[in-house]
Structure formats: C-alpha cells, structure tokens
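Those sequence lines, one after another, are chains A and B. Numbered as in the numbering used here, the first sequence ends at 157 without a single skipped number. Numbered as in the numbering used here, the second sequence ends at 862 without a single skipped number.
Honestly, I wouldn't trust all of these hints.
[To be verified] Computed list of chain A residues with no C-beta within reach of chain B, every gap over 12 Å:
#1 P60
#2 P64
#3 M75
#4 Q84
#5 E85
#6 K99
#7 V106
#8 S118
#9 D131
#10 V142
#11 I145
[To be verified] Just the calculated beta-carbon pair ranges, DEER-fashion:
#12 A:N155 - B:N674: 34 to 44 Å
#13 A:L94 - B:N757: 48 to 58 Å
#14 A:G98 - B:E720: 54 to 64 Å
#15 A:T134 - B:C829: 22 to 32 Å
#16 A:T58 - B:E794: 26 to 36 Å
#17 A:E153 - B:S571: 49 to 59 Å
#18 A:E153 - B:T572: 52 to 62 Å
#19 B:N757 - A:E150: 35 to 45 Å
[Unchecked claim] Over 12 Å on every C-beta distance to chain B, these chain A residues come out as not near it, computed from the model:
#20 K44
#21 S97
#22 K102
#23 A135
#24 E150
FYI, nobody ran anything at the bench for these hints, they're computed from the structure. Backbone N, C-alpha and C define an ideal beta-carbon position, used for all residues, glycine too.
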Amino acid sequence: MIDRIDLSSPVYKFSGNKYIFVPVLHAQSSLRCNHKIKKMKEFLLVFRADYKTMPNASPEEMQATTQRWMNWVAGIAAQEKLVDRGNRLVNSGKVLKSDGVISDGPYTEIKESILGYTLVKATSLDEATALAKGCPVLSIGGNVEIREINAL
Amino acid sequence: MQQNELIPHLFRTEYSKIVAVLYNSFKLKHLETAEDIASETFLKATEIWGIKGIPENPTAWLYTVAKNKVKDYFKHNAVLEKQIKEAIKSNDVEPEQGFEFSAQNIADSQLAMIFSVCNPNNSTEAQVCLSLQILCGFSVEEIANAFLTKPETIKKRLHRARTTLRDSNFKIKVLSEAQIKTRLDSVLKTLYLLFNEGYSSKTDNQFIRKDLCSEALRLTFILTENTLTNTPQANALLALMCYQSSRFDARTSDKGEVILFENQDRSLWDNELIEKGNHYLINAYKGNEVSKYHLEATIAYWHTTPTDNNKWQHILQLYNQLILIEYSPVTALNRTFAFARVYGNEKGIQEAEKLHMEEQPYYHSLLGYMYADINTDKAVCHYEKAVELSKSRVEKQILAKEIKRLSGKNAGSS
Numbered sequence: 006m007i008d009r010i011d012l013s014s015p016v017y018k019f020s021g022n023k024y025i026f027v028p029v030l031h032a033q034s035s036l037r038c039n040h041k042i043k044k045m046k047e048f049l050l051v052f053r054a055d056y057k058t059m060p061n062a063s064p065e066e067m068q069a070t071t072q073r074w075m076n077w078v079a080g081i082a083a084q085e086k087l088v089d090r091g092n093r094l095v096n097s098g099k100v101l102k103s104d105g106v107i108s109d110g111p112y113t114e115i116k117e118s119i120l121g122y123t124l125v126k127a128t129s130l131d132e133a134t135a136l137a138k139g140c141p142v143l144s145i146g147g148n149v150e151i152r153e154i155n156a157l
Numbered sequence: 449m450q451q452n453e454l455i456p457h458l459f460r461t462e463y464s465k466i467v468a469v470l471y472n473s474f475k476l477k478h479l480e481t482a483e484d485i486a487s488e489t490f491l492k493a494t495e496i497w498g499i500k501g502i503p504e505n506p507t508a509w510l511y512t513v514a515k516n517k518v519k520d521y522f523k524h525n526a527v528l529e530k531q532i533k534e535a536i537k538s539n540d541v542e543p544e545q546g547f548e549f550s551a552q553n554i555a556d557s558q559l560a561m562i563f564s565v566c567n568p569n570n571s572t573e574a575q576v577c578l579s580l581q582i583l584c585g586f587s588v589e590e591i592a593n594a595f596l597t598k599p600e601t602i603k604k605r606l607h608r609a610r611t612t613l614r615d616s617n618f619k620i621k622v623l624s625e626a627q628i629k630t631r632l633d634s635v636l637k638t639l640y641l642l643f644n645e646g647y648s649s650k651t652d653n654q655f656i657r658k659d660l661c662s663e664a665l666r667l668t669f670i671l672t673e674n675t676l677t678n679t680p681q682a683n684a685l686l687a688l689m690c691y692q693s694s695r696f697d698a699r700t701s702d703k704g705e706v707i708l709f710e711n712q713d714r715s716l717w718d719n720e721l722i723e724k725g726n727h728y729l730i731n732a733y734k735g736n737e738v739s740k741y742h743l744e745a746t747i748a749y750w751h752t753t754p755t756d757n758n759k760w761q762h763i764l765q766l767y768n769q770l771i772l773i774e775y776s777p778v779t780a781l782n783r784t785f786a787f788a789r790v791y792g793n794e795k796g797i798q799e800a801e802k803l804h805m806e807e808q809p810y811y812h813s814l815l816g817y818m819y820a821d822i823n824t825d826k827a828v829c830h831y832e833k834a835v836e837l838s839k840s841r842v843e844k845q846i847l848a849k850e851i852k853r854l855s856g857k858n859a860g861s862s
C-alpha cells in the first residue's frame, strides 16, 4: 500500500496513452514485498577472469564497462538483495606460501585471478546464482563463483 | 486573501517565528510559555480583526501584540514572584531586554529552533512531528492527517518528544559546532520530509501545501546562510526544493486537478526558481561529497532541463547510485522505468520482473506499459491487476481507459 508521498521519487504513470513522469508517491516500508520476509542468507560473489585475455579498453569502453557494472549491481540493489557492493581488486599482488616463499601476483600459476567481489542476500543458493546472471564479468569470458557465507 | 484564509496562513508562517524569537530572546524556562504567548496573540487577532477588520500590516500587528504580551508576562510573573516566593530569585524573570522581530533575529532564532527540535534523543518521526508543530504551526489534526495516524497517537508522540526536550535542558545559545555537525543530518531529513508534506500531502488545501513548501524552503535557506550549516548537502537539498517548487503552479489546474509532468504548461514553470536551483546545485558540488540529496536534486535538474539526447542515460545512472545509497521501492521502480527508456521495453520487462512487487499497483502499471507493444494480453492482465490494487479513483479511470484501448486494438487485429 502506498501511504506516503515523496517529492524526490517521481513515479512514472499513465495519462491518456502516454506514460509520464509524475513527482508523487513515496512508498513506505509496508509496500515492501513478501519475499523479503523470508529468511535471507548472505552469499559472496567472486568474479574471476584471465587478465591476459582482457582487451585494453579505450576510455569510452571503460566508461561503458563501468556503466554495465553499475546497472548490474543497482539491479540487485533494486531487488533489495544487495548487502555490500564490494570492490574491485588491483591486478597485481603477492602470494605467501606455507614454506615462506613469496611470489609475485596470483596469476603466475593460476590462469584466472580474482577481479573483485560483491556480497548479496538471497533465500537459497539458486536464487543467489540467479542474481549473478548478467554480471559483466561473464561477457569477457570470466566467471562468478557463488558461495554462501558460513558466519562465524 | 480573505480573513478566513489569512489567519490560518499567518498562523502557519508567523506562529513559529514568534515562538522561536521569544524562546530564544528570553531564555524562557519552558517552550510552552513562548507557545502560550504566541497562541494568545493569535487569539487576540481573531477577536479584534473580526470586529475591526484586518489591519494594514497584519504581521507587524502580530509582532507588536506579542511584544506587549511578553511585557505583561514578565510583569505578572514579577508580581507572582514577589507575593509567593519573595526570597527566591527566579531565573525565569529576566530583566526586560530589547528584542526585535527583525529578519535577522527571526532567522537566527529559527535556526536555533530547528536544531533544538532535532534532538537525537527523539525518534526521527517525533522530530518531524515536533517540527510540524513548533516550526510550522501545524495542528495535531493536520499532523495526524499527514502521518495517516490518529490524533491521539500524535498527541502522545508530541508529549513524549517535548518531555525529552525539557529533560535534555536544551540551551540553544551554547550549541557547539560539534553538536551542530552531528545534528545536521536529522535537520536535513526533517526539512526534506516537511517539504514532502507540502509538495504532495493528502490535503487538497492548496494554501496549506504552498505554505508548507515555502516554509521548508525558507528554513533550508536559513541553513545555507549560516557558515556552520552551509554544507554541500544543505545546498543540494535546497536545489531539490527549488526545482520541485518551480513546477508548483503548473501541476494543478484551476479546478484543482493534478496535471501530470508531460502535460504541464511549461510557461508556468517558475524560471527564477529553476535558476536558483541551478545556483544551489553548483554550490552543492563544491567538494567531493555526493549524498542522496545531490542525486535527487540532479535527477530533478534533468527533469527541468530541455531534452538532452542522453537524458535518460544520465537519469538511469543517477538512480543506480541512489538505490545503492538507499533502497526504496519507488526508487527501484523509477530506476526500472529509466532502464527501459535507455535499453528498451523488452529489457525493461526483464529488469522489472525481478522486482516481484506483486502487491504494488505501480509495479503492474509499469509492466502493463512496457508490455503494451509486445504482448497485449499480458499488458491488459497487468493493468487489470493495477486497477484492482490501486486506491485512487482517478488512477483507476486512467488505467481502465488504457485497458479499453488495448482490448479494442486486440479485437481489431484478430
């Protein structure tokens, strides 16, 4: 039920045969959906890709990529399922092993390295996996690993 | 304005100023004393103006009467003090000092009052209620109407909030820079909600609504005039209010019907307010901060500017950022609409269906709209659901008309 009004949240609605912009209607929490009442679990989405196969992007392409990521992550937020948008990782790093040997970068031995992560909430692993669909990392041949958080 | 409109109008705009100045100037022990004096002033106005007619300068008349009432109060109090507790010197009795209802004193006193009302010990809801009452001269009934609650609930809420204020022994003049900083967030939020109440409140009374909006604007303006409170967020909020107010006259017809955005007569938009909005929006972006108010003001900016090719792309990105800052179902729906504007209705449908807001009429009317050219049956189905869920008679009519149009189209093609 909509019971409050918000200046900043215009709603787009009908007049005649046109869909138009109306600066009205702010919905209270009572409007929120039922699925949110169900118990939510948290999942970590880990994005991996092979840096070597990633093309050098022009500034325009980079902007378009940023926009795709924003659309994707905001799409999860719009479902009220985003816990933390997470971050990207710098592509160089070090690996410390049990024998004390330190090597450069994770990608000397593994083909794919972690690009970043996002934290989401869902009622099941399947639902969390559905959220990962459309993740821009998939379009550059990467993958998303979906893991439920086993809270300490 | 007729007298029956003038007094309520003055009450909404002047009552709070009188209370603020009295409270601030005389360090009255209780806020209630200042309020009593202000109320008596209006009572007198109602009596006298009814007989003698409205004075030439009603506001000045009110200020003079209020000043005289203060004199009486101190005289009366002094007598009481003398008679009853002769030995005890009361803090309440201040030697009468000069004070003026000057623009500056009103602004300072009201700024002080805003911060006093936004006491973190009170809930945000209580702060808004208190602001409506103390800063905007709203009656309990009007507040109840705005909150869709019973007057008794509001009364209780106000009572508790006032007790908190009294117990915290609030003294505005010693409010530190640090306190101002910590309270500024709730001050902005309160002013934002105040403006909302005016901009789209349930009441049909245009006077009340306009007064509320201009009061919220004025109070926010006071914030930007003081160096301590002139922050990017305050500027962004003010810009947002300016943009929204610029359409105030265009959004209702002479008969009081709502005129939707695309049908508004743009010559009725107030360019001066749009210019002001631009001015404060530029101020807001000095610095690196991007708050909810920045994003909402920028969206409002795009809606007041002549069409740009990438308008919807910009708006979508702003909604993306907004929903990451704060989830709200309306932001989610509006973001989806912008998404469909950029990527087309088919992708918009996919994006919308993920939201699962099956109980929401706007969810269904949005889907109905996007399905209209893709799948008429589905469009009709969603529209019917929207009609069923909608509480607004006008909206039901508009939706029913659209269903009829689509059904006709369907029958014609088969």
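A quick look at each hint next to the structure:
1. P60: Given a closest Cβ separation of 23 Å, the condition holds.
2. P64: Non-interface label stands for P64 (chain A): nearest chain B Cβ at 16 Å, farther than 12 Å.
3. M75: violated (5 Å)
4. Q84: Contrary to the label, Q84 (chain A) does not stay out of reach of chain B, its closest Cβ about 6 Å off (not over 12 Å).
5. E85: The claim breaks: E85 (chain A) does not keep its Cβ more than 12 Å from every Cβ of chain B (closest is about 5 Å).
6. K99: Non-interface label on K99 (chain A) holds, nearest chain B Cβ at 31 Å vs cutoff 12 Å.
7. V106: Holds, since 40 Å exceeds 12 Å.
8. S118: Non-interface label on S118 (chain A) holds, nearest chain B Cβ at 26 Å vs cutoff 12 Å.
9. D131: holds (14 Å)
10. V142: holds (18 Å)
11. I145: Consistent with the label, I145 (chain A) stays out of reach of chain B, its closest Cβ about 20 Å off (over 12 Å).
12. A:N155 - B:N674: 34 to 44 Å: violated (51 Å)
13. A:L94 - B:N757: 48 to 58 Å: violated (35 Å)
14. A:G98 - B:E720: 54 to 64 Å: Given a distance of about 56 Å, which is inside 54 to 64 Å, the answer is holds.
15. A:T134 - B:C829: 22 to 32 Å: Distance hint for T134 (chain A), C829 (chain B) holds at roughly 29 Å.
16. A:T58 - B:E794: 26 to 36 Å: holds (30 Å)
17. A:E153 - B:S571: 49 to 59 Å: violated (35 Å)
18. A:E153 - B:T572: 52 to 62 Å: The hint (52 to 62 Å, Cβ to Cβ) is violated, given that E153 (chain A) and T572 (chain B) are roughly 34 Å apart.
19. B:N757 - A:E150: 35 to 45 Å: holds (39 Å)
20. K44: K44 (chain A) is indeed farther than 12 Å from all Cβ atoms of chain B, at 16 Å.
21. S97: holds (27 Å)
22. K102: holds (37 Å)
23. A135: violated (8 Å)
24. E150: holds (21 Å)
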